[in-house]
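> Each chain, written out:
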Amino acid sequence: MTDRDKDRTYWLDDPANVKKIVWALVAVCALLIGADLLIHKHGYFEVEGYFGFYGFYGFVVCVGLVLAAKALRVILMRPEDYYDSDD
Amino acid sequence: MTSLSPGLILILGALPVPLLRGQARNLYMLALPILALAGVLLLEPGSYWQLSVLGIELEIVRVDRLSTIFGIIFCIAAGLGVLYSLHDRDPVQQVAGLIYAGAAIGAVFAGDLVTLFVFWELTAIASVFLIWARRSERSYRAGMRYLIIQVGSGVLLLAGAIVHFDATGSLAFGELGLGSLGTNLIFLAFGIKCAFPLLHNWLQDAYPEATVSGAVILSSFTTKLAVYSLARGFPGTEILIYIGAAMAAFPIFYAVIENDLRRVLAYSLNNQLGFMVAGVGVGTQLALNGTAAHAFCHIIYKSLLFMSMGAVLHRTGTIKGSELGGLYKSMPWTAGFCIVGAASISAFPLFSGFVSKSLILSAVAEEGYFVPWLILLFASAGVLHKTGIKVPFYAFFAHDSGIRVKEAPRNMLAAMAIAAFLCIGIGVYPAPLYALLPFDLDYHPYTGEHVVTQLQLLLFSALAFTWLMRTGLYPPELRSVNLDSDWVYRRALPRLIQGAARIFKPLEMGLRQAGLRAVYALILRTERHHGPTGILGRTWTTGDTVMWVAILLGVYLILFLL
Chain A
1 MTDRDKDRTY WLDDPANVKK IVWALVAVCA LLIGADLLIH KHGYFEVEGY FGFYGFYGFV
61 VCVGLVLAAK ALRVILMRPE DYYDSDD
Chain B
1 MTSLSPGLIL ILGALPVPLL RGQARNLYML ALPILALAGV LLLEPGSYWQ LSVLGIELEI
61 VRVDRLSTIF GIIFCIAAGL GVLYSLHDRD PVQQVAGLIY AGAAIGAVFA GDLVTLFVFW
121 ELTAIASVFL IWARRSERSY RAGMRYLIIQ VGSGVLLLAG AIVHFDATGS LAFGELGLGS
181 LGTNLIFLAF GIKCAFPLLH NWLQDAYPEA TVSGAVILSS FTTKLAVYSL ARGFPGTEIL
241 IYIGAAMAAF PIFYAVIEND LRRVLAYSLN NQLGFMVAGV GVGTQLALNG TAAHAFCHII
301 YKSLLFMSMG AVLHRTGTIK GSELGGLYKS MPWTAGFCIV GAASISAFPL FSGFVSKSLI
361 LSAVAEEGYF VPWLILLFAS AGVLHKTGIK VPFYAFFAHD SGIRVKEAPR NMLAAMAIAA
421 FLCIGIGVYP APLYALLPFD LDYHPYTGEH VVTQLQLLLF SALAFTWLMR TGLYPPELRS
481 VNLDSDWVYR RALPRLIQGA ARIFKPLEMG LRQAGLRAVY ALILRTERHH GPTGILGRTW
541 TTGDTVMWVA ILLGVYLILF LL
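Chains A and B are the protein sequences, given in the same order. Quick note on numbering: the numbering used here labels position 19 of the first sequence as 19, and the sequence is numbered without any gaps. Quick note on numbering: the numbering used here labels position 269 of the second sequence as 269, and the sequence is numbered without any gaps.
No lab work stands behind these hints, which were simulated from the structure alone. All values reported here derive from a predicted model rather than from experimental measurement. Each residue gets a CB set at the ideal place from its N, CA and C atoms; glycine is no exception. A hint or two may mislead.
Only part of the chain A face toward chain B is listed, based on derived beta-carbon distances under 7 Å [to be verified]:
{"#": "1", "residue": "W11"}
{"#": "2", "residue": "V18"}
{"#": "3", "residue": "K20"}
{"#": "4", "residue": "W23"}
{"#": "5", "residue": "A27"}
{"#": "6", "residue": "V28"}
{"#": "7", "residue": "L37"}
{"#": "8", "residue": "I39"}
{"#": "9", "residue": "Y44"}
{"#": "10", "residue": "Y50"}
{"#": "11", "residue": "A71"}
{"#": "12", "residue": "V74"}
{"#": "13", "residue": "R78"}
{"#": "14", "residue": "Y82"}
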């Protein structure tokens, strides 16, 4: 590993490129929702037939998961040496 | 020879390892898992080594499709583990790892509960050395906690087996089912080793404290042996569906806020076990196939993830998300392999998790378990979040931590490459895996509907992650520990005992002082008689002694004459 490597800038170092990835993700998600209209669904449960069920469910539960976990930190989080002190 | 338990090849083969040096040791250790795999493949279905000891029927080797698929994947995992740890010249770890893998293989071929118990305990004892091999106070304590719980599980298994034998007269390890005391104890023993909710925390406690290669090896065997045992003993036990759903869901909350990335992997291991346990609970042929297939794929991608994080720990000396970032610049191969593992655990189409987890979800839905199905779907989205994105993101991307290191050693890269190849290979062409499953299967994972819905689930979860990240709502990585069920025995119980000690202290002090006084008085009295000035402590002259001997002899003579 030389100093030249250390100073090298990578494609991802440019915030504009990160933004491009985000927009690509949004575009793919939009396409997938569009594809929902094309596929023929025969799931086991009624909800599976709802328009965009999987996408909607995935988004909502993940936001819920993260916010709930963030709230749990208030109860569960302790300093890193919590158990080292006197156990 | 062909009917020898393949586990013994690894267990006995491990013993000469410390005697070999350098390249010879490397080649020998790589040959062992290959030999064991050959041993597994050569086994014809049936029973071997049936012994009768003290009227108890033992069946050391029982071969059917369920034991064979677990035997095969355990051999593959052992091989990957050996290759990954070749740079490590620590014979303790090498011997322990091989014996541990061998014991797990021995256990899946055990046809009776006593043989199972023997191998079950051997996995516990051998594996703890992979934690202790880190040789720190912290790992010693974590290993001790781990060992107590693992051995405890074995004791419950033995107790259950004895009660079961007493009730039924049989020790055969077949379908047991809940209902009697014996089988309930066995179920509990399996449950501890399978990390059921609230019995789980030995896993998250111990694995991240193991050595770099130790964690890779640990992640493969213990819990999957428990999944196998549940599938063998308790298929179709309905409560397992709910236990599995709870297991799949709750560890992901912890994983979101955990800072130690190997501990994040331990939580997601727990979550993946939930899917397998739910499959056992459904118990249909499709579900049990799903459990076996998912265990197979899971062992490979979980090893791969632990390998990539181990490589990061090996090179940088830390595995805390708060200190890492930007490593893709110096460890691009490791980053790539980690992403393959992450895509597999997230069940992206064309990766192994997709073709195995689908079987379980379909089986749960087919039997109409709506709420467990919704929970498992939530867990599928969550696993993408916490492992699929979080682990590679914080280690290799996120903000650049400025850490610049060398790429992982070549043997590590080779092991990761093979695992990544298998992940993609199984995902693209699942037919050979499906052919190995316990029951014949006609299943097509790649339908348009299935691919689109799965991609929707995953990419919208990714979108949620991105949105939370860019708006700053996502909880940052913080140096911390999070309380879990181990708090009960690491904090609450010791505190309770200390508290009790404080209450009983006056009583105890009184007793102790009374005892001390009694001892002191005894010492004083002894000194009075036996001390330098005491009558019995004096030095006697020869004349005195002769006189006393003469008197004694005289008394003896008189008594004799009487």
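> Each hint: holds or not?
Hints, verified against the model:
1. Annotation: A/W11 was flagged as interfacial toward chain B, and the flag is violated, the nearest CB pair being 11 Å apart, outside 7 Å.
2. Taken as an interface hint, A/V18 does not check out: its beta carbon lies about 9 Å from the nearest beta carbon of chain B, beyond 7 Å.
3. A hinted interface residue such as A/K20 counts as satisfied when its beta carbon comes closer than 7 Å to some beta carbon of chain B; here the least separation is about 13 Å, so the hint is violated.
4. Given hint, A/W23 at the interface with chain B, is violated; its Cβ is 10 Å from that chain's nearest Cβ, farther than 7 Å.
5. A cut of 7 Å between beta carbons decides the hint on A/A27: the least distance to chain B is about 10 Å, and the hint is violated.
6. The criterion of a C-beta within 7 Å of any C-beta in chain B is met by A/V28, whose closest approach is roughly 6 Å, and the hint holds.
7. Using the Cβ-Cβ criterion of 7 Å, the hint placing A/L37 at the interface with chain B is not satisfied: the shortest such distance is roughly 10 Å.
8. Look at A/I39: its Cβ gets to within about 5 Å of chain B, closer than 7 Å, so that hint holds up.
9. Because the smallest distance between the Cβ of A/Y44 and any Cβ of chain B comes to about 4 Å, under 7 Å, the interface hint for this residue holds.
10. Interface hint status for A/Y50: violated, as the beta-carbon distance to the closest one in chain B is roughly 11 Å, over 7 Å.
11. Using the Cβ-Cβ criterion of 7 Å, the hint placing A/A71 at the interface with chain B is not satisfied: the shortest such distance is roughly 9 Å.
12. Using the Cβ-Cβ criterion of 7 Å, the hint placing A/V74 at the interface with chain B is not satisfied: the shortest such distance is roughly 10 Å.
13. Given hint, A/R78 at the interface with chain B, holds; its Cβ is 5 Å from that chain's nearest Cβ, closer than 7 Å.
14. At its closest, the beta carbon of A/Y82 sits 5 Å from a beta carbon of chain B; the interface hint therefore holds under the 7 Å criterion.
The structure fails hints 1, 2, 3, 4, 5, 7, 10, 11 and 12 (numbered hints given earlier, in ascending order).
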